[in-house]
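Given the coordinates of chain P, work out where chain Y should sit on it, guided by the hints.
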Amino acid sequence: MTRRDSLLFVFVGFLILGTGFAQSWNSALLILNMGLISAIMALGVNLQWGLAGLFNVGVMGFVALGGLATVITSMPANTEEWSVGGVRVIFGLLLGAGTIIAAIMVHQRLPAGRNRVLAMLAVLIGGFFLFRYVFDGGVEAIEAVNPAATGYLGGLGLPILVAWPVGGLLAAGAAWIIGKTALGLRSDYLAIATLGIAEIIIAVMKNEDWLSRGVKNVVGLKRPTGVPYEIDLQNSASFVEKAAGLGFDPATASTIYVKLGYAVLFTIVLLILLWLSQKALNSPWGRMMRAIRDNEVAAEAMGKDVTARHLQVFILGSAICGIAGAMMTTLDGQLTPTSYQPLRYTFLIWVMVIVGGSGNNFGSVLGGFLIWFLWVQVEPMGLALMQLITAGMSDGFWLKQHLIDSAAHMRLLTMGVVLLLVLRFSPRGLIPER
Amino acid sequence: MDFLNAIVAFANFVLVPGTAYGAQLALGALGVTLIYGILRFSNFAHGDTMAFGTMYVILITWGFQSLGIGFGPLPTALLALPFGIVLTGLTLVGTDKLVYQFYRQRKVKPVVLVMVSLGVMFIMNGLTRFIIGPDDQRFSDGERFIISARDFKTMTGLDEGLAIKTTQGITLVTAVIVVAFLFWFLNKTRTGKSMRAYSDNEDLALLSGINPERVVLYTWLIVAALATVAGTLYGLDKSFKPFTYFQLLLPIFAAAIVGGLGNPLGAIAGGFVIAFSEVTVTYAFKKVANYALPEALAPDGLAQLMSTDYKFAVSFSILIIVLLFKPTGLFKGQSV
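Sequence lines, in order, name chains P and Y. If you read the first sequence in this note's numbering, its first letter stands for residue 220, the second for the next number, and so on. If you read the second sequence in this note's numbering, its first letter stands for residue 15, the second for the next number, and so on.
Just chain P, same shape as in the assembly (with noise of 0.2 Å):
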């Protein structure tokens, strides 16, 4: 790091501070927890794209599933719901994949032409119905238990924390399944595919009730060891002491004292990533990669197997983002499959390792920060300025209303026009790569 670099994050460390004089300490150590976790995204999509050039525009499914390792994880498993149908479901998700596996195998195995063909859609087909016909009825038995209150097989009840490298785990496999399929392919079909899978993926989230209840969301997460509960602090005679003498009062003593322990897990979680992404980059793998991205044709002369590389550090980028999103949905204590938008999951994360800079991990990890706050200030100070703007209007005046009701859109707009700004004029970033 330069010294304009340090600086950099000085001023981005005085913008959070500022929030904590200006508006609150409770929305200042919100901002700088949200930070902490897009800065981890921002680092997993850096290394697909900063390291290796890969364009991965399903951030959001990995985050996704991230939060669904947290379910399945450390809640704890419903006893009626797995003796009703818990092993019909498992038994036939098996049957799922095996007839995907032998259709693949049917592919390998015989000669290629119409029996071939024929062979394997009558793999696929039967094996589709037996699917549906065993999955069905274990998920419907499922999800009709006590459907108001769990109505889901639940999970296996660990600690929360082990969840974050579960999550990480699952979004290695999805990772691993895109990756075989579409890189390797041209450019722009990962970046299509990858579109999808993220969309498939919230679909199958907000549907499978049996998996995570759904659109009912899962609430009352674990939180993770270190961090209390509000309620306890503040029944807790010594930390109400402890508040007073620091001139606070409890219930806000309680909130920042959460908070604080949130940000402690993230920041370790965030400072072991960088140090493993720095040592990445500057290890003879690292310059491997970049040269990959390169010139692809000279490194297949040097006889480096480009797609097993592409896969290797597509995986690795997808399981960050999954990391981050187990401790996301961990901040929230609760996972709501709606409340995933790829504008804000996987849009947002692009314009901060764009910003940042791509091929920096400094940089990714400072524009996931000055981003962050800029989405979340962006709305009171679109606010203000709509307020300014109308100020002369009279109340009741339609256009009036229509803009300070608007106000709210004007984060999308000035998103784009932060990114379509740094591509132009400063197209490798903050930190650029060095």
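Check each hint, because a few of them may be wrong.
As the list claims (entries may be wrong) - Have a look at the derived ranges for each label pair, beta carbon to beta carbon:
1) Y:161 with P:516: 53 to 61 Å
2) P:312 with Y:253: 35 to 43 Å
3) P:323 with Y:214: 31 to 39 Å
If you are wondering where the hints come from, they were derived from the structure by calculation, not from laboratory data. Treat the numbers as computed from the prediction; the structure is a model and nothing was measured. Even for Gly, the Cβ is constructed at its ideal location relative to N, Cα and C.
Using the frame of chain P, we list chain Y on its own:
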């Protein structure tokens, strides 16, 4: 008789909506494929361009309606459409001058242009929400049906009705006119030929004196017309919601790629392939099966292959299958 009923039910729920949806997707995919062929990048802002154009049309329609101007039995939006196309054309040409031209002259890699189109997408999306709001807007007026289900039943004496909405009829007629005009333009006019030449081989086209900026200008104008028409037809047929238009990006790209990127004929075929698969796979065939099969074989469930929410999965699976087995699409597309 039962067999006829089965056919009518199938036509009512699969064939007619699928054809209309296919025509809308085909028009959208034509825009994507033209930009890919001539400007050589995947335009992620296309869904939002459609939303933007439709927004113009809706605003003008509202203006006409408040002035008391109607179009008889047809929706007023059709009257507003030409004005909407002109405004969208101006917007796109302006965007090109402000944004894309710079990168084109620098001859940047296509993926940078894709990135730039992301920025344009954000801005268009934001502006659309800013001006017209993120909510559903219905703007179709005039006659609702060409044939309503009840009329059809009394006419034929069948148990099943076949309803054809006016918007579905308009979609098909408009799409045929637009596509015919587009192909005439591309194949017969000088400008159209120069566009195809530029798409096939940029260097040769430049050598023979074709002005690239002129080609680009015409491309944006045609894309504006296609996007506005596609968006307006979709909005008339279903309803206008900015987020839905953004999500249309996936089936539209799937259609363009399945047909072969850069190939207009392929885009049309791709649009119908995607639309019919989506509608067929997510339709509950219980009714049709009840008529067509003997009673003993009639299904207990809905006989639906996949729930409607998985329609993205359908376009996606078709996309992947085509890419794996025929990487340049059904019709030969180009690759960069």
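Status of the hints after comparison with the structure:
1. Y:161 with P:516: 53 to 61 Å: Check passed, 60 Å falls within 53 to 61 Å.
2. P:312 with Y:253: 35 to 43 Å: About 36 Å separates the Cβ atoms of residue 312 of chain P and residue 253 of chain Y, which means 35 to 43 Å holds.
3. P:323 with Y:214: 31 to 39 Å: Given about 37 Å between the Cβ atoms, the range holds.
The earlier numbered hints are all upheld by this structure, with none contradicted.
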